[in-house]
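Turn these sequences into a full structure, and let the hints steer you where they fit.
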Amino acid sequence: MIVLFALYPGIHTLLTISPVGAEAVALLPDVETMTAVLYFGLFAMSFDFISGYTGYLSFGHAAFYGAGAYFVVLAANGKIPLVPAGTSFMLLLVLAGLAALVLAIAIGAVSFRLSGVYFAMITLGFSQVLYVFVRGWNYVGSNPRDGVFVTGERGGFEIGVPFIDSLNVAIGQLTGDEIEGLLGAISLSAGEVSYYAIGGVVVVCYLAMQRILHSPFGRVMVAIRENEERARAVGYDTFRYKLAAFAVSGFFAGIAGALFAGFQRSVTPDDTFYFLVAGDALLASIIGGFGTLVGPLYGRLFDESVREFLSTAGAGGGLLPYLREHVPADVLATELVGGVTVQGAIEAFLNGHASLYLGLLFVLFVLYVPNGLLGTLRNRLGGTVASWTARQLERRR
Amino acid sequence: MIDGPLALLGGPVALQIGDALGQFLQPRTLARVFVDGLAKAALYVMIAAGLTLIFGLMGVLNFAHGSLTMIGAYLGGAILVVLVGGGGPTTLALFFVTVVAVFGLLAAFGGLLEVGLIRPLYDRPPIYQILLTFGLTLVLDELARIVVSFYGLQPISDWQAALGTKPPILTQSIGLGPVSVSGLALFQIGFGLVTVLAIYAFLTRTRYGLVVRAGSEDSEMVDALGIDVRRVFTVVFALGVGIAGVAGTLLAWDATWGASVPLASETLLPAFVVVIVGGLGTFRGTVVAGLLVGLVDSTMTWWFQNAIEFTGLPEMTIFLILVITLIVRPQGLFGLAEVGGH
Numbered sequence: 001m002i003v004l005f006a007l008y009p010g011i012h013t014l015l016t017i018s019p020v021g022a023e024a025v026a027l028l029p030d031v032e033t034m035t036a037v038l039y040f041g042l043f044a045m046s047f048d049f050i051s052g053y054t055g056y057l058s059f060g061h062a063a064f065y066g067a068g069a070y071f072v073v074l075a076a077n078g079k080i081p082l083v084p085a086g087t088s089f090m091l092l093l094v095l096a097g098l099a100a101l102v103l104a105i106a107i108g109a110v111s112f113r114l115s116g117v118y119f120a121m122i123t124l125g126f127s128q129v130l131y132v133f134v135r136g137w138n139y140v141g142s143n144p145r146d147g148v149f150v151t152g153e154r155g156g157f158e159i160g161v162p163f164i165d166s167l168n169v170a171i172g173q174l175t176g177d178e179i180e181g182l183l184g185a186i187s188l189s190a191g192e193v194s195y196y197a198i199g200g201v202v203v204v205c206y207l208a209m210q211r212i213l214h215s216p217f218g219r220v221m222v223a224i225r226e227n228e229e230r231a232r233a234v235g236y237d238t239f240r241y242k243l244a245a246f247a248v249s250g251f252f253a254g255i256a257g258a259l260f261a262g263f264q265r266s267v268t269p270d271d272t273f274y275f276l277v278a279g280d281a282l283l284a285s286i287i288g289g290f291g292t293l294v295g296p297l298y299g300r301l302f303d304e305s306v307r308e309f310l311s312t313a314g315a316g317g318g319l320l321p322y323l324r325e326h327v328p329a330d331v332l333a334t335e336l337v338g339g340v341t342v343q344g345a346i347e348a349f350l351n352g353h354a355s356l357y358l359g360l361l362f363v364l365f366v367l368y369v370p371n372g373l374l375g376t377l378r379n380r381l382g383g384t385v386a387s388w389t390a391r392q393l394e395r396r397r
Numbered sequence: 398m399i400d401g402p403l404a405l406l407g408g409p410v411a412l413q414i415g416d417a418l419g420q421f422l423q424p425r426t427l428a429r430v431f432v433d434g435l436a437k438a439a440l441y442v443m444i445a446a447g448l449t450l451i452f453g454l455m456g457v458l459n460f461a462h463g464s465l466t467m468i469g470a471y472l473g474g475a476i477l478v479v480l481v482g483g484g485g486p487t488t489l490a491l492f493f494v495t496v497v498a499v500f501g502l503l504a505a506f507g508g509l510l511e512v513g514l515i516r517p518l519y520d521r522p523p524i525y526q527i528l529l530t531f532g533l534t535l536v537l538d539e540l541a542r543i544v545v546s547f548y549g550l551q552p553i554s555d556w557q558a559a560l561g562t563k564p565p566i567l568t569q570s571i572g573l574g575p576v577s578v579s580g581l582a583l584f585q586i587g588f589g590l591v592t593v594l595a596i597y598a599f600l601t602r603t604r605y606g607l608v609v610r611a612g613s614e615d616s617e618m619v620d621a622l623g624i625d626v627r628r629v630f631t632v633v634f635a636l637g638v639g640i641a642g643v644a645g646t647l648l649a650w651d652a653t654w655g656a657s658v659p660l661a662s663e664t665l666l667p668a669f670v671v672v673i674v675g676g677l678g679t680f681r682g683t684v685v686a687g688l689l690v691g692l693v694d695s696t697m698t699w700w701f702q703n704a705i706e707f708t709g710l711p712e713m714t715i716f717l718i719l720v721i722t723l724i725v726r727p728q729g730l731f732g733l734a735e736v737g738g739h
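Chains as they are written, first to last, in this note's numbering: chain Z, 1 to 397; chain C, 398 to 739.
These are computed hints drawn from the structure, not numbers from a lab.
One-sided excerpt, in silico: chain C residues whose CB lies under 7 Å from chain Z:
| hint | residue |
| --- | --- |
| 1 | Tyr525 |
| 2 | Leu528 |
| 3 | Leu535 |
| 4 | Val536 |
| 5 | Glu539 |
| 6 | Ile543 |
| 7 | Ile673 |
| 8 | Glu712 |
| 9 | Met713 |
| 10 | Phe716 |
| 11 | Leu719 |
| 12 | Val720 |
| 13 | Ile724 |
| 14 | Pro727 |
Predicted model, so just to flag it, every value in this text is computed and none were measured. Glycine is no exception: its CB is placed at the ideal position from the N, C-alpha and C atoms.
If you want it as structure tokens, here you go:
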């Protein structure tokens, strides 16, 4: 399923120059949004890794995302002891992940004495403590409440093989590299280079998590979800397994946060440590499929598409600009009820209110599609998409 | 302002703490902090009472509680603005009319929510109820935002028109012996006390309260006795939502809270803290935890205003209380150990 993401920029470009271009621009998220889908999707996957597979709802998962993001920005500003300002980004990614891992062990060691609602609440409590702390901590920047950005002369952060310049590309919204004439034919814009570079890291992390879940360790995680007492009776020290799974999950959440900071070059407490960030990951996991590792990525894609589709003036277009351009003026001026025109209704109900429709969709998903997009697809196909594809190919041979 | 974590231990701050301690121990300051704490406690208990009632009986952790409180604040504010207009001596009476109206409206809404959305989920794992009510908050918050921006009621900051309906007697300070206390604080304490007593009386003195308490012990057994537990669930959910609305109406007069869309998460998180610290689902625990959180909060607020300069810490206090309580006593102050299992 993850392969489909590699083809996206090409398809997007093809569709936007095709006859249905205007509709495609309105309907499809642009490459920049897709980059955000990738790193946030990784965070949602790491959330699903612990919550979907062991059944422990980690409501404070934003703490690890925030730890990774702040680590990168602080390190780039030379504010982390022993980490000089010029450290390569690949190393920073790993270090950010490790910082989040240490944090996860500290929080997990206390939190896993509890279960169910209490576990969700204590993790939420820890993340809120960190959120308020970072918001008031003058060390991170002169105005911590509004966030910090990467200062200094540095260009974009470089992703690639460390110490080999030609195998590194810079990422970033405005600072990224462009590639022209690769293999004689392929040219990529700065946005697309960032997309593929970040996508590469996300894929590696995804494969690592998938490997862990399919190992005996992952089986124990599922056993804990299904019946923890029985797993303990069989002889597993479930506390250790839960803690280890939590640490792994924290590690990848930290990497996701680091990618976010590397791409955006600035972080604020509200889009890293705040509990609703974990809420967004929850949203993505439920819509994509709780307990399917790649599901959250698609869930996030779904979220972002709806959000951008309904945004005020999304960079990649959206419904509102499309309607403004293509709906005749006399229709817009028509009165509906009590002096509210069509234009007024559109402005009131569509203008940047994507959360409303996402919330409605979410409620409908919880009620009627509890397995999410991918879980339902899997149930239909009788296995993962990969195994279904393999079976189909086998049959056609 | 401190420059790093180590400065907390450093010299100049420690000197100030010595002075501050002397000031803090003066009877006047102590009494003031105590009354402030009681007022805060009254608000915290009001916010958390509905949540704990619903969890106690049904085991549903209602994530939409904050949004419902926020809607109560707007609804109460709107009714007050319409009723009071110019202001006058009858304002307090009108406030109670408003409270009854908001309670009725939100209780009806809560009943609808329970029947339409929560009822289908009782057979599923409890996590789905959290998820559903979480989705509900997104919808309610965004709807509130649409309505508020449609009527131009100041979407971000507090709603001044609702604050303006406060009668003059509550904005003055009232002398109580050596200390002067704001009228609003006394009003909040009184209101909170009456509500707590009313809920307590409902639970222990009425027949329906008996059924509710029995239902939270063993709902299957109550069902077997021929009582329609589902209807009890609906009624209790409606009651809890109604109390959330009343709490919101009370907050609409308080300048530090006020009616605004972010009020939803500002009240939801303290409500969770109070309910969890007290022990999920125990009403007595909620009241005690509300007192604890309110008093610690007002004490810490005084300290951070006068001795320790760290902008975010007052907000951090209540989460620290949560974390410390859960570390020391995972089931909460009055909770039973086995309740934490689900």
